[in-house]
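Going down the list, the protein sequences come from chains L and Y.
Quick note on numbering: the first sequence equals residues 1 to 220 in the numbering used here.
Quick note on numbering: the second sequence equals residues 1 to 147 in the numbering used here.
Check the hints yourself; a few may be wrong.
[What the hints assert, rightly or not] Here are the computed distance ranges between Cβ atoms for each label pair:
id, chain 1, residue 1, chain 2, residue 2, range
1, L, 165, Y, 67, 35 to 43 Å
2, L, 58, Y, 1, 37 to 45 Å
3, L, 114, Y, 137, 13 to 21 Å
4, L, 130, Y, 94, 36 to 44 Å
5, L, 210, Y, 137, 51 to 59 Å
6, L, 51, Y, 38, 23 to 31 Å
7, L, 146, Y, 71, 17 to 25 Å
8, L, 210, Y, 143, 26 to 34 Å
9, Y, 6, L, 40, 33 to 41 Å
10, L, 214, Y, 51, 41 to 49 Å
11, L, 161, Y, 47, 18 to 26 Å
[Claimed, not checked] Dumping the calculated DSS-like pairs for lysine-lysine here, alpha-carbon to alpha-carbon at most 30 Å:
id, chain 1, residue 1, chain 2, residue 2
12, L, 70, L, 45
13, L, 114, L, 62
14, Y, 71, Y, 47
15, Y, 146, L, 114
16, Y, 71, L, 70
17, L, 114, L, 45
18, L, 70, L, 114
19, L, 62, L, 45
20, Y, 71, L, 62
21, Y, 146, L, 45
22, Y, 71, L, 168
23, Y, 146, L, 168
Derived from the structure by calculation, the hints contain no laboratory data.
As the structure is a computational prediction, the values presented were derived from the model and not from experiment.
Even glycine gets a Cβ: it sits at the ideal position worked out from N, Cα and C.
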Amino acid sequence: MGMDNPGGIPYFILEFGDELVYFSPYTVSLFILALVFTLFAVIAKPERQVDIVFGGDAFYAKETSLAELKFRRFMAIACGFASMGAMVTGDLFNFTLFISLVGICNVGIVAAVKNRHVQNAAYQYGIVALSATVPLFGAAALIAATTGTLSMVELWSNASLAVPLVVKALLVLGVMGEGMAPFYAAKAEMFRAPGAPYVIMCSLSSLLIFLRVIEVVLVI
Amino acid sequence: MIIQRISRIISNYEMIMPIFAGAVTLLFVVAIFSLPLPYYEEQLYPKTYDPTSPLNPYDRGGPPFIQIDIKEQYPENSPMAGYVTSYLTPFSWYMANTTLYLGTTIVAHPGGILDEILYNTRGLDTVVEPTILFIAFAIASYLYRKG
């Protein structure tokens, strides 16, 4: 290894053919965070929101139906697995695939709520996630063209392979579009949805992919 | 003041798509101005186009069950690559013999071409790709039934 990886020296590298999955101190900590949160999503029961009627004793309890609970839990777990994959993968095309999987799972978590405002917001976010695939996969294709490889290990160990700055910017913009959920202006609309652990999964996965893309951009 | 005005504009969730599209357009303009980007001659997965082959562009050549040399990043990780460059079902065989466009129908009928690079050396990608599709189908069917 010629250059240093800012995420630390990998503890071990798992090989899937040409795709290396590497566990460095940085990626391992993010991976464990995603794993713990996925376990929370598996065992947690959804929050039950209560609206108090002003000036009286009455209140509305919002119920989450069993079908909705099951679907949102499934999406949250899938989102957790996708974030875990995105945290440790050492291949750029594989990374972009995991990122778009995170994006579509986030759409699924919020789209299952039967509320007009929430579904409108989820629809807008879905369109952003859809259009973000153009810069995302475009960046992966440009990296393959300008360096001839997709493996991050090759890119950081071989100093002569340089990715142009504008390509890195495209990659970051694509990840921003896919993981926009917590920074989304319609946050209040989406997060009005009852069922706390699942909605937090969508914030956490976005946070994790942002942290990971910083490492990727520094490494390549 | 200016922050207030900006946050008022972006608090409308119908504005998020135009703003993102604007950012993408801006960056694409920058990208177009920074052309030509250097092209790395020694590509990892070189493509050769043979317009006369019906398996184009998935034609990796070689007789079946005899290992041919396929360029990989880490050859030691996939020692079996290059043995089965293509497997054609009778229907695919018929299509390959009658038309020139079997390579473009790889996703449109079962039992077509086994691409060594796609399925052997980059197998994790092929797992994640259908997962994205399945998740999308799950969301669509849930919304259709319950929505």
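Okay, the hints, checked on the actual structure:
1. Range check, residue 165 of chain L to residue 67 of chain Y: about 41 Å between beta-carbon atoms, so the 35 to 43 Å window is met.
2. For residue 58 of chain L paired with residue 1 of chain Y, a C-beta distance near 42 Å keeps the hint of 37 to 45 Å intact.
3. Distance hint check: the CB atoms of residue 114 of chain L and residue 137 of chain Y are about 20 Å apart, consistent with the given range 13 to 21 Å.
4. For residue 130 of chain L and residue 94 of chain Y, the Cβ-Cβ distance of about 37 Å falls inside the hinted range of 36 to 44 Å, so the restraint holds.
5. Restraint check, residue 210 of chain L to residue 137 of chain Y: a C-beta distance of roughly 28 Å breaks the suggested window 51 to 59 Å.
6. Hint check: residue 51 of chain L to residue 38 of chain Y, Cβ distance near 60 Å, so the stated range 23 to 31 Å is violated.
7. Separation of residue 146 of chain L from residue 71 of chain Y is about 18 Å and conforms to the stated range, judged on CB atoms against 17 to 25 Å.
8. Look at residue 210 of chain L against residue 143 of chain Y: about 28 Å separates their beta carbons, and that is inside 26 to 34 Å.
9. Checked against the hint of 33 to 41 Å, the C-beta distance between residue 6 of chain Y and residue 40 of chain L comes to roughly 35 Å, which is consistent with it.
10. Judged by the Cβ atoms, the range 41 to 49 Å given for residue 214 of chain L and residue 51 of chain Y holds: they are separated by roughly 44 Å.
11. Here the CB-CB span from residue 161 of chain L to residue 47 of chain Y is close to 20 Å, well matched to the stated 18 to 26 Å.
12. Between residue 70 of chain L and residue 45 of chain L the alpha-carbon distance is near 11 Å, which keeps this suggested pair within the 30 Å criterion.
13. The suggested pairing of residue 114 of chain L with residue 62 of chain L holds, with an alpha-carbon distance near 12 Å, which does not exceed 30 Å.
14. For the suggested pair residue 71 of chain Y and residue 47 of chain Y, the alpha carbons sit about 11 Å apart, so the restraint of at most 30 Å is met.
15. Under the criterion of a C-alpha separation no larger than 30 Å, the hint pairing residue 146 of chain Y with residue 114 of chain L is consistent with the structure, at around 8 Å.
16. This hinted pair does not check out: residue 71 of chain Y and residue 70 of chain L have alpha carbons roughly 45 Å apart, beyond 30 Å.
17. Proposed proximity of residue 114 of chain L and residue 45 of chain L is supported: the alpha carbons are some 18 Å apart, at most 30 Å.
18. Under the criterion of a C-alpha separation no larger than 30 Å, the hint pairing residue 70 of chain L with residue 114 of chain L is consistent with the structure, at around 14 Å.
19. Taking the CA atoms of residue 62 of chain L and residue 45 of chain L, the gap is near 14 Å; set against the 30 Å cutoff, the hint holds.
20. A distance of roughly 58 Å separates the Cα atoms of residue 71 of chain Y and residue 62 of chain L; the hinted pair therefore is violated under the 30 Å criterion.
21. For a cut-off of 30 Å, the pair hint linking residue 146 of chain Y to residue 45 of chain L stands: about 21 Å separates their Cα positions.
22. Distance check on the hinted pair: residue 71 of chain Y and residue 168 of chain L sit about 26 Å apart at the alpha-carbon level, within 30 Å; holds.
23. Distance restraint check for residue 146 of chain Y and residue 168 of chain L: the Cα-Cα separation of roughly 41 Å exceeds the 30 Å cut-off, and the hinted pair is therefore not satisfied.
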